[in-house]
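Engineer: Protein chains in written order, with UniProt numbering: chain A, 1 to 490; chain B, 1 to 479.
To be clear, the hints were calculated from the coordinates, so they are not data collected in a lab.
Remember, predicted model here, so these are calculated numbers, not experimental data.
Keep in mind that the hints are not guaranteed to be accurate.
[Said to hold, decoys possible] Straight-line Cα separation of at most 30 Å, DSS-like style, residue types lysine-lysine; simulated pairs:
#1 Lys83(B) - Lys442(A)
#2 Lys393(A) - Lys158(B)
#3 Lys422(B) - Lys88(A)
#4 Lys267(B) - Lys393(A)
#5 Lys364(A) - Lys18(B)
#6 Lys91(A) - Lys422(B)
#7 Lys380(B) - Lys100(A)
#8 Lys267(B) - Lys282(B)
#9 Lys388(A) - Lys77(B)
#10 Lys98(A) - Lys381(B)
#11 Lys422(B) - Lys272(A)
#12 Lys433(A) - Lys18(B)
#13 Lys88(A) - Lys83(B)
#14 Lys257(B) - Lys380(B)
#15 Lys88(A) - Lys52(A)
#16 Lys100(A) - Lys267(B)
#17 Lys33(A) - Lys91(A)
#18 Lys31(A) - Lys352(B)
#19 Lys31(A) - Lys77(B)
#20 Lys83(B) - Lys389(A)
#21 Lys293(A) - Lys309(A)
#22 Lys100(A) - Lys227(B)
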Amino acid sequence: MTSEVENKPVFCTESAKELVKELRASFATGKTKSYEWRLTQLNAMVKMMEEKEPQIVAALHDDLSKPELESSIYEIAMLKNSCRLAVKNMKHWMMPEKAKTSLVTFPSSAEIVSEPLGVVLVISAWNYPFLFSLDPIVGAIAAGNAIVLKPSEIAPATSLLLARLVAEYLDSSCIKVVEGAVPETAALLEQKWDKILYTGNGRVARIVMAAAAKHLTPVVMELGGKCPVIVDSDINLQVATRRIIAGKWGCNNGQACISPDYIITMKDYAQKLIDSFKYELERFYGKNPLESKDLSRIVNSNHFARLSKLLDEDKVSSKIVHGGERDKENLKITPTILLDVPRDSLIMNEEIFGPLLPVFLVDKVEDSFDVINSGTKPLAAYLFTNKKKLKEKFVATVSAGGLVINDTTVHLAEPTLPFGGVGDSGMGAYHGKFSFDAFSHKKAVLYRGFACDAFVRYPPYTRGKLGLLRALFDGSILGIIRALLGWSKA
Amino acid sequence: MEKSIAELRETFKNGGTKSISWRQSQLKALLQLINQNEDSIFKALDQDLGKSPVESYRDEVGVLKKSVTYTLSCLEKWVAPKKAEVPLLFFPAKAEVMPQPLGVVLIFSSWNFPFTLALDPLIGAISAGNTVLLKPSDLAPACISFLVETIPKYLDNKAIKVVAGGADIGERLLQLKWDKIFYTGSPRVGRLVMAAAAKHLTPVTLELGGKCPAIVDTLSTTPSKAKVTAKRIVGGKWGPCNGQACIAIDYLLVEEKLASALIELLKKTIKRFYGENIKSLKSISRIVNEHQFQRLVNLLKDPNVADSIVYGGSVDEEKLVIEPTILLDPPLDSEIMSEEIFGPLLPIITLKNIEESINFINSKSNPLVIYAFTEDETFKKRILSETSSGTVTFNDSMVQFLCDSLPFGGVGQSGFGRYHGKYSFDTFSHEKSILHRGFYPEIEPRYPPWTDFKLLFIKLAYEFDYFGLILLLLWFKRS
Numbered sequence: 001m002t003s004e005v006e007n008k009p010v011f012c013t014e015s016a017k018e019l020v021k022e023l024r025a026s027f028a029t030g031k032t033k034s035y036e037w038r039l040t041q042l043n044a045m046v047k048m049m050e051e052k053e054p055q056i057v058a059a060l061h062d063d064l065s066k067p068e069l070e071s072s073i074y075e076i077a078m079l080k081n082s083c084r085l086a087v088k089n090m091k092h093w094m095m096p097e098k099a100k101t102s103l104v105t106f107p108s109s110a111e112i113v114s115e116p117l118g119v120v121l122v123i124s125a126w127n128y129p130f131l132f133s134l135d136p137i138v139g140a141i142a143a144g145n146a147i148v149l150k151p152s153e154i155a156p157a158t159s160l161l162l163a164r165l166v167a168e169y170l171d172s173s174c175i176k177v178v179e180g181a182v183p184e185t186a187a188l189l190e191q192k193w194d195k196i197l198y199t200g201n202g203r204v205a206r207i208v209m210a211a212a213a214k215h216l217t218p219v220v221m222e223l224g225g226k227c228p229v230i231v232d233s234d235i236n237l238q239v240a241t242r243r244i245i246a247g248k249w250g251c252n253n254g255q256a257c258i259s260p261d262y263i264i265t266m267k268d269y270a271q272k273l274i275d276s277f278k279y280e281l282e283r284f285y286g287k288n289p290l291e292s293k294d295l296s297r298i299v300n301s302n303h304f305a306r307l308s309k310l311l312d313e314d315k316v317s318s319k320i321v322h323g324g325e326r327d328k329e330n331l332k333i334t335p336t337i338l339l340d341v342p343r344d345s346l347i348m349n350e351e352i353f354g355p356l357l358p359v360f361l362v363d364k365v366e367d368s369f370d371v372i373n374s375g376t377k378p379l380a381a382y383l384f385t386n387k388k389k390l391k392e393k394f395v396a397t398v399s400a401g402g403l404v405i406n407d408t409t410v411h412l413a414e415p416t417l418p419f420g421g422v423g424d425s426g427m428g429a430y431h432g433k434f435s436f437d438a439f440s441h442k443k444a445v446l447y448r449g450f451a452c453d454a455f456v457r458y459p460p461y462t463r464g465k466l467g468l469l470r471a472l473f474d475g476s477i478l479g480i481i482r483a484l485l486g487w488s489k490a
Numbered sequence: 001m002e003k004s005i006a007e008l009r010e011t012f013k014n015g016g017t018k019s020i021s022w023r024q025s026q027l028k029a030l031l032q033l034i035n036q037n038e039d040s041i042f043k044a045l046d047q048d049l050g051k052s053p054v055e056s057y058r059d060e061v062g063v064l065k066k067s068v069t070y071t072l073s074c075l076e077k078w079v080a081p082k083k084a085e086v087p088l089l090f091f092p093a094k095a096e097v098m099p100q101p102l103g104v105v106l107i108f109s110s111w112n113f114p115f116t117l118a119l120d121p122l123i124g125a126i127s128a129g130n131t132v133l134l135k136p137s138d139l140a141p142a143c144i145s146f147l148v149e150t151i152p153k154y155l156d157n158k159a160i161k162v163v164a165g166g167a168d169i170g171e172r173l174l175q176l177k178w179d180k181i182f183y184t185g186s187p188r189v190g191r192l193v194m195a196a197a198a199k200h201l202t203p204v205t206l207e208l209g210g211k212c213p214a215i216v217d218t219l220s221t222t223p224s225k226a227k228v229t230a231k232r233i234v235g236g237k238w239g240p241c242n243g244q245a246c247i248a249i250d251y252l253l254v255e256e257k258l259a260s261a262l263i264e265l266l267k268k269t270i271k272r273f274y275g276e277n278i279k280s281l282k283s284i285s286r287i288v289n290e291h292q293f294q295r296l297v298n299l300l301k302d303p304n305v306a307d308s309i310v311y312g313g314s315v316d317e318e319k320l321v322i323e324p325t326i327l328l329d330p331p332l333d334s335e336i337m338s339e340e341i342f343g344p345l346l347p348i349i350t351l352k353n354i355e356e357s358i359n360f361i362n363s364k365s366n367p368l369v370i371y372a373f374t375e376d377e378t379f380k381k382r383i384l385s386e387t388s389s390g391t392v393t394f395n396d397s398m399v400q401f402l403c404d405s406l407p408f409g410g411v412g413q414s415g416f417g418r419y420h421g422k423y424s425f426d427t428f429s430h431e432k433s434i435l436h437r438g439f440y441p442e443i444e445p446r447y448p449p450w451t452d453f454k455l456l457f458i459k460l461a462y463e464f465d466y467f468g469l470i471l472l473l474l475w476f477k478r479s
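Turn these sequences into a full structure, and let the hints steer you where they fit.
Structural biologist: Dropping the structure here:
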């Protein structure tokens with residue numbers, strides 16, 4: 001099937017079927033299961049990043065006007081670390097884990113063996129198109145799977161580069177990239193996968209999960225949500241402000257799933273907070289942030305229109321206290337702060353995913369928990385405070401994928417913490433060993449011997465056997481003796 | 001029904017199920033429920049499935065008591081946050097992972113182990129601090145009546161509810177939003193459950209089934225081992241609810257030359273365990289209902305299949321009894337060899353060489369368990385690395401179900417997710433990451449405007465190259 005317009009074969013259901021068939025055959029050879037193969041692939045990925053960093057940075061700049069530092073650090077360096085961690089620990093992760101056995105199955109030994117799930121699909125997002133494509137793949141490779149990657153078409157330069165680099169550096173008989181948009185994704189989703197990891201939004205996540213249901217394919221969904229930041233009054237305001245700015249506008253200009261979405265603070269404190277923001281924002285991005293090279297642009301005109309709509313809503317447009325300038329042609333919106341937005345405004349109910357920061361006011365800081373819990377569970381929640389009790393209450397009452405106290409977003413870089421959502425912000429987790437686990441089946445193995453065959457298991461069933469079974473389950477040696485002697489209740 | 005669920009949500013929201021003391025009290029109450037009502041439970045299981053008290057204790061009452069006791073002894077440990085290592089770069093910082101209840105969970109259980117499959121997941125859901133709606137299968141009516149009447153007498157009615165009903169109730173429940181759905185049953189319905197869950201992005205655990213094979217490679221060892229093998233095979237086929245179990249042995253794989261010896265041993269063992277013929281059958285459950293009975297009888301209707309019967313085959317429609325039946329090499333494309341049997345029919349497939357069993361098993365979808373009776377260590381390793389199943393049990397059947405330290409769940413068509421022991425607690429929890437940071441020291445290079453120095457600094461920081469960082473700072477200070 002060829003499209004006359006593009007002169008490129010269209011990737012349809014048949015193509016997807018063939019692709020999966022090919023990968024299943026590769027997986028069946030056992031190639032991806034070997035430690036050497038996994039190691040070679042991960043090392044090749046590190047090499048790819050070392051050799052092609054300028055091209056990657058350029059593609060990210062094309063797609064998102066992402067500042068070089070953000071690309072180098074949040075996409076490339078983080079991914080390199082992920083690879084290195086997997087290379088260092090993979091042997092250990094691959095080893096079976098011993099499991100305890102009890103009197104009930106004596107004599108026996110048990111272990112849990114990690115095995116690859118098979119052929120997995122990774123669907124990535126546009127905002128960190130490099131990281132969200134390859135980071136899951138690190139886990140999938142470490143766990144020994146064959147992989148198809150579907151990068152986001154909304155970041156086309158990165159998608160194209162990924163297709164080229166994966167073909168050049170990795171084993172194309174086992175790891176493939178399929179570029180494209182809705183039709184290609186739909187064709188892929190019709191196939192049977194052994195696992196799907198999807199990063200993106202809730203609407204598409206439902207479609208992915210429904211497609212997975214047809215084949216009973218387990219899924220990991222890395223979604224988003226409105227990540228709130230509670231700001232208490234007795235803090236180091238400057239540090240807090242800077243950390244919020246770094247997490248908001250410093251992360252792809254607010255277009256990140258864990259970016260602070262909105263702030264909750266006390267009525268009396270708001271002005272001080274906003275003044276601090278104004279000051280630090282100018283220090284970071286200058287007097288004309290529209291011209292700052294340290295801010296990503298809005299990814300495309302659809303999202304620009306979406307964000308403009310949020311700002312133009314009647315009850316909200318008058319609440320802008322900083323920024324609000326837009327450059328439609330260059331898809332730029334300056335860091336914008338809104339004060340005292342109504343709870344029922346669009347901007348307080350939809351995930352913003354952009355450079356707008358509403359500040360919602362409460363009378364006392366404890367009221368912020370109800371505000372957060374009245375919405376869907378976010379991917380992350382942040383709290384700035386020095387009060388121990390408030391921290392404890394925050395941790396106990398706020399349900400989110402992850403929490404950070406006195407900082408924002410940095411937990412992403414912590415490989416010992418599972419990164420994932422709950423409720424509407426997703427299911428499953430990855431990073432570090434959690435990535436390996438996400439793409440593994442943990443097979444339980446029980447080794448039994450022939451000695452000490454417990455006759456109580458077998459018919460004919462008698463009252464005596466019932467008594468003995470009771471004792472065996474209770475794990476009481478005395479009970480067993482009594483039962484054997486016929487002294488216990490049957 | 002919507003009102004009940006709203007009450008569950010309210011109870012959860014008000015924190016009614018969060019405290020360890022609430023969870024402990026509910027678990028203790030559940031233990032009391034079981035201890036004080038054993039006879040009623042035995043009676044209900046006998047009524048619905050013809051289970052003997054020994055089978056009921058072994059597979060349901062005993063399992064549940066063990067599960068509750070184990071959970072109670074470990075609960076405080078499980079609930080405690082786990083520390084996570086933090087690199088020096090983040091100093092001072094503290095990282096931990098804290099389990100949190102998911103919220104309001106829905107548990108669907110199956111009819112073959114109506115108590116275990118309902119209450120074992122319930123134990124997990126309670127221990128993790130959730131509110132629960134339990135929807136048992138309507139094919140075990142006496143057991144359901146018992147649960148509906150008795151659970152409210154012992155457990156917190158505002159947090160744990162049972163609803164009786166058929167598929168229509170199940171469908172209605174699936175339209176609503178849950179924080180987790182735990183389903184035990186068939187792959188067909190598993191798909192429907194997951195598709196419904198997808199609308200609300202509800203995570204699911206699916207405990208399904210499959211054709212669990214038993215590879216038999218121990219007949220040429222000592223006679224006593226051969227005898228034990230036969231007992232464990234018979235016990236693993238007809239013992240659990242007369243083959244109507246997701247982990248029952250579905251079919252056997254054995255070398256041609258050993259087939260007749262195996263069949264003889266099995267016949268002897270069956271007669272000893274269950275009686276000489278269908279008229280004197282004892283210590284064995286019956287088929288649950290007419291529908292399942294007809295389904296099983298139909299599997300034997302194919303003349304080629306009927307011809308392969310070497311033992312048993314008699315049925316009693318009135319009593320819903322099918323005697324233990326052994327078939328030797330039925331056609332591989334027959335329904336009995338492609339569908340999960342879930343009943344007292346045991347096909348034996350012969351192979352020239354026992355190693356062929358690996359390819360045979362891999363030609364079918366991943367089962368919940370693979371049983372292998374063998375003492376060949378190399379063969380064991382091959383089975384482990386070249387096949388995929390939820391669990392592998394060597395030299396026995398069924399007992400892996402009793403191991404609280406082993407995850408119990410499937411892979412591929414046999415399901416995903418797992419439970420038992422701590423895995424039950426985990427399956428109903430969200431593991432929340434928490435990072436505590438201090439305000440000092442501040443790392444200036446985190447913030448724009450970006451410069452080459454800051455880029456280099458952060459690069460070194462990400463590589464945890466502390467030495468490089470110090471050098472950089474010194475060089476910077478100097479220049």
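Engineer: Okay, which hints does this one fail, numbers in order?
Structural biologist: As far as the earlier hints go, 4, 11, 16 and 19 are violated by this structure, in ascending order.
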